[in-house]
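Enquirer: Listed here are the chains, written in short residue letters.
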Amino acid sequence: SQELEQSPQSLIVQEGKNLTINCTSSKTLYGLYWYKQKYGEGLIFLMMLQKGGEEKSHEKITAKLDEKKQQSSLHITASQPSHAGIYLCGASDRGSQGNLIFGKGTKLSVKP
Amino acid sequence: EAGVAQSPRYKIIEKRQSVAFWCNPISGHATLYWYQQILGQGPKLLIQFQNNGVVDDSQLPKDRFSAERLKGVDSTLKIQPAKLEDSAVYLCASSLVPPNTQYFGPGTRLTVL
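Line by line, the protein sequences give chains A and B.
Each position in the first sequence, counted from 1, maps to that position plus 885 in this note's numbering.
Each position in the second sequence, counted from 1, maps to that position plus 67 in this note's numbering.
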């Protein structure tokens, strides 16, 4: 079965610094989703990537999917306290009915 | 557009008691998912509905968990009897026909004592 590994597990950065979170799959990714979660709350959809080499940006967050479609990265530029939370990557299997398998998440803290 | 609604937001029960969670998906979304998220883990799918039919319930502990979506809109997830290891956040998500993006509700935090 497919597994997603996220790194780092947690991250503390100073406000204004850039950071990168990685998500690595044991199998080829056919749909890679990034979500953000505040502690104990629901997931907020950030971006979805499907094609090898694809890159998407929204405000100060950029997500990329590598050419081999087995690794994705999430980059935040000039971090702010509002970026704090848990970032989760989720992936769908080629043969799945759409349900997602998630990594364990990366906890981001931003110090003002 | 209203998002996915869930209730209650928090629930504390003792082991062996029963509990039910409710979910109302985004209007027009045919697919509804229930996930269990244990502290420090990513969400794990429990059951997926397409309209009022079950698509995938392979990871649902059927001896104690049940779910229904009778009219293809709202859904209820029940645990009976609850165990200590059921303490988790239960997330409901909905989407248009898969593999469209899933949108999540705020979750129900269950504590079993």
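Accuracy of the hints is not assured; some may be wrong.
[Unchecked claim] Only pairs whose alpha carbons sit at most 30 Å apart, straight line, appear in this in silico DSS-like list of lysine-lysine:
#	chain 1	residue 1	chain 2	residue 2
1	B	K82	B	K129
2	A	K912	A	K941
3	B	K111	A	K936
4	B	K111	A	K989
5	B	K145	A	K902
Calculated directly from the structure, the hints in this document are not laboratory data.
Enquirer: Confirm or reject each hint.
Expert: Taking the hints in turn, this is what the structure says about them:
1. B:K82 x B:K129: Cα-Cα ~17 Å, so holds.
2. A:K912 x A:K941: Holds. A:K912 to A:K941 sits at ~22 Å (cutoff 30 Å).
3. B:K111 x A:K936: Satisfied, since the Cα-Cα distance of roughly 25 Å is no more than 30 Å.
4. B:K111 x A:K989: Cα-Cα ~10 Å, so holds.
5. B:K145 x A:K902: violated, 45 Å
Checked against the numbered hints given earlier, this structure breaks only hint 5.
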